[in-house]
Each structure stands twice: as structure tokens, then as C-alpha cells.
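J.: Model the placement of chain B on the given structure of chain A, informed by the hints.
2 protein chains.
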Amino acid sequence: MSANSPPIARLFSFIGGSTGPWLVDSMQCVIGEPMSTASRLSIVAGPAAPLPGESWTLRGITSNERYVVREEKVALVSKQEGLSREASTRAALIPIRKNAAWWALPQDERREVFEAQSRHIAIGLKYLPAVARRLHHCRDLGPDEPFDFLTWFEYAPSDSAAFEELVQALRASPEWAYVDREVDIRLTRAEFQLKR
Amino acid sequence: MSANSPPIARLFSFIGGSTGPWLVDSMQCVIGEPMSTASRLSIVAGPAAPLPGESWTLRGITSNERYVVREEKVALVSKQEGLSREASTRAALIPIRKNAAWWALPQDERREVFEAQSRHIAIGLKYLPAVARRLHHCRDLGPDEPFDFLTWFEYAPSDSAAFEELVQALRASPEWAYVDREVDIRLTRAEFQLKR
Chain A
1 MSANSPPIAR LFSFIGGSTG PWLVDSMQCV IGEPMSTASR LSIVAGPAAP LPGESWTLRG
61 ITSNERYVVR EEKVALVSKQ EGLSREASTR AALIPIRKNA AWWALPQDER REVFEAQSRH
121 IAIGLKYLPA VARRLHHCRD LGPDEPFDFL TWFEYAPSDS AAFEELVQAL RASPEWAYVD
181 REVDIRLTRA EFQLKR
Chain B
1 MSANSPPIAR LFSFIGGSTG PWLVDSMQCV IGEPMSTASR LSIVAGPAAP LPGESWTLRG
61 ITSNERYVVR EEKVALVSKQ EGLSREASTR AALIPIRKNA AWWALPQDER REVFEAQSRH
121 IAIGLKYLPA VARRLHHCRD LGPDEPFDFL TWFEYAPSDS AAFEELVQAL RASPEWAYVD
181 REVDIRLTRA EFQLKR
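So the sequences go chain by chain: A and B. As numbered in my numbering, residues 1 to 196 make up the first sequence, in order. As numbered in my numbering, residues 1 to 196 make up the second sequence, in order.
Looking at chain A on its own, in the form it has when it is part of the complex (with noise of 0.2 Å):
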């Protein structure tokens, strides 16, 4: 990044209730407490302002990795496209918080549950370029946060079959123990919502 580039937005605001460009198609708790009902979501990148209508508010913010190493870093850059993507009309919001046990963890073992245990960046980087996602965290924004992390994943709705298998292989990992609250919410972008 050069001096003059623009600053990249970390700071995102995922905002549910009855405005927005996604159309809530579900929301599912997988474990732990339910959020309330919302039938669109939008997002906004920075802090957002109280809207009209508005059910809740998730904030994450984009960091450095922390687990990834060189050489899972180039496979993923390689195969990884964008968000935004014009056939990538479907998306999921899943906000996850791990246990404290989790974060108890020394680092070594937190990276040996995530990927030697439970293949995390591999079951990833097998559904890239299809699923595109962006992964924010919460925990270190502030000491009351609901959840640890939100991602955001994109696809077209040919590859919806693959994104389910996807989320289904990473619940089933031993990684996933260590979670006690994840919502997963379905998302449809407004203006594809008659095309269905």
C-alpha cells in the first residue's frame, strides 16, 4: 500500500431489521442465546449510526491472521476471489463466540485444534473461488462484545449445495467444541429475490 492509497475499511457494522440490501431467508441458532428476528440486513463499513426499523447491530473488524502460515497464505491468495462478485447473490452472516477454554489455550494448541485437528484453512480454501468470504473480529473491540467473530461468505446460488457442506464439515470439527454461541443467518441480495 502506498502512501497515498486510500485507507482499506476494517471496521464493518452489519446492521438487521427491515431495511437493506440483503433479504434475510433464515436465521438458525445453532447454539446459544438466539438473536432477535431481522428480514434485511445491510453493511456499512465504519461505525453506524442507529437506523429506523433497526433489530441489531454486529460489528467486526478485519486484523492480521492469526493462525496461517506462508505457504497456506499463497494457496489461499492464488485461488481467492473478491466480494462484491455479480453471480454471488446468495451470502451468509455467521457470528460465532468461542468458550473461555478456548482462549485459555496457549497458541501451539489453538493452531493444532484449528488446523492439524480440524483442517480449518484446508475446508476453506477447497470451496475457493465458489465461497468468498471475509472474516472480522469482535472480541478485541471491547470487553461486552456478543460474539468473537462474524464472517461474511458470498456465492451463487449454483454453489449453494457447497457452501452447506462446507458449514456442515467445519461444525463437525473438533474445533467446533469450543463454541457456544453461533446464529447463522441466509441471505438473498434484494433485487434477485423475484428471479428465485
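Hints are computed from structural coordinates only; laboratory data are not their basis. We treat Cβ as the ideally placed atom computed from N, Cα and C, and that holds for glycine. Among the clues, some could well be false.
[Unchecked claim] Taking beta-carbon pairs under 10 Å as the criterion, some of the chain A residues facing chain B (in silico):
| hint | residue |
| --- | --- |
| 1 | Leu-11 |
| 2 | Gly-46 |
| 3 | Glu-54 |
| 4 | Trp-56 |
| 5 | Ser-63 |
| 6 | Asn-64 |
| 7 | Arg-66 |
| 8 | Val-74 |
| 9 | Ser-78 |
| 10 | Pro-106 |
| 11 | Glu-109 |
| 12 | Arg-139 |
| 13 | Leu-141 |
| 14 | Pro-143 |
T.: Relative to chain A, chain B alone:
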């Protein structure tokens, strides 16, 4: 931690100004932009409302370990002592920021610089329990934080030379090539000022 334990504070505000229990002995800008001067420092748990006579407020949050492996964690925990020891009448607050090149490195290469090349954990361990410390993360509090880390150190006057060695050893390490802003603030607990 049992379900009935009070929540442990994670977010701390360091308030420089003209009031507070810590007297500022010196403020040295090591690299990058200096901070405005302050004669006293207060530390409060949680976010801080602006105080009269305040010069600046820095916020940081304690978090999970990013590099420490199990064997190192066991060694650290067995040797370290807590903050607020009666004899710890000297302190240092050292805010640092690392450059974009550091944050772009994958996890394995940051660990390699941090410990294999720089012995960051081993150096800290050598000065335990004399120099107690608490690391606060700032980078993921929001997109506009002035520093990435705030480290707070406490030690007895008789360990001042040892503390100086620790700081110099870290500054001479390969890791410090990635530090692009650092301010070194030294302090004395106010009630001990007259006894020096």
C-alpha cells in the same frame, strides 16, 4: 473461572494529565510521532470519560496470547508476579505501533521474528519476577488507534537497571525493525516521590 466469579477487567484507559497516582518522570519519543507531555498518570478499568487537565487517553485491552506456546506459558506463569506489589514504586508505560509489513506477515513468520530471532519471550522471562508486566492490545479496538500495543511494567527502584537492560535488549532485536512508533514513559508512584 467459575460462573460466579466477577468479570475480570480487560479494557483499561491510561490517562495522562495533571492528576493521578503516578508521577511522570520522563517521556521519551523513541521513534515516530511524539505524544504531548503530561505530569501525572491515572489508570482506570473500562472506558474513561474526559478528565479536567487531561492531556491524552490511551486505551488497550488484554487478550489471548498470540505467540506463546504451552512450554513458555508454563514457565511464565510459574515465575511471574502480579501488578500492584508494595515494592513496585517504579513503572513504565511503553506504547508501540508496528508497521504494515509486520501485519502482512503470516503467523509463522511473525512467530519466527518474535521468538526465534528476537527471543522476546525469553528476554521477558529472564527479568521475572522483578519486572511485572501487563500487555494491552489496541489495534483491533478500532481502525484509528494511535498505537498497536500498550505495555505497562512495574518494578522496584533496585530493579531499575535490570529494567533498562530488558528494554535495550528488545529494542536491539530484529522484531524492533518493524516498530514505527514508540514512546517510553517512566513513572514513580506519587506517595514515594519524596522518599527518592
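J.: Work down the list of hints and note, for each, if the structure agrees.
T.: Evaluated hints:
Because the smallest distance between the Cβ of A:Leu-11 and any Cβ of chain B comes to about 5 Å, under 10 Å, the interface hint for this residue holds. A distance limit of 10 Å between C-beta atoms decides the matter here; for A:Gly-46 the minimum to chain B is near 8 Å, and the interface restraint holds. The beta carbon of A:Glu-54 comes no nearer than 21 Å to any beta carbon in chain B, farther than 10 Å, and the hint placing it at the interface is violated. Evaluation of the A:Trp-56 hint against chain B yields a violated restraint, the C-beta minimum of about 20 Å exceeding 10 Å.
Evaluation of the A:Ser-63 hint against chain B yields a held restraint, the C-beta minimum of about 5 Å falling below 10 Å. The beta carbon of A:Asn-64 comes within 5 Å of a beta carbon in chain B, closer than 10 Å, and the hint placing it at the interface holds. Interface restraint check for A:Arg-66: the shortest CB-CB distance to chain B comes to about 6 Å, inside 10 Å, so the restraint holds. Because the closest C-beta pair between A:Val-74 and chain B is about 9 Å apart, less than 10 Å, the hint holds.
Violation of the interface hint for A:Ser-78 is found here, the shortest Cβ-Cβ separation to chain B being roughly 14 Å, above the 10 Å cut-off. The interface hint given for A:Pro-106 is met, as the beta carbon of that residue sits about 5 Å from the closest beta carbon of chain B, less than 10 Å. At its closest, the beta carbon of A:Glu-109 sits 6 Å from a beta carbon of chain B; the interface hint therefore holds under the 10 Å criterion. The criterion of a C-beta within 10 Å of any C-beta in chain B is met by A:Arg-139, whose closest approach is roughly 7 Å, and the hint holds.
Annotation: A:Leu-141 was flagged as interfacial toward chain B, and the flag holds, the nearest CB pair being 6 Å apart, inside 10 Å. Evaluation of the A:Pro-143 hint against chain B yields a held restraint, the C-beta minimum of about 4 Å falling below 10 Å.
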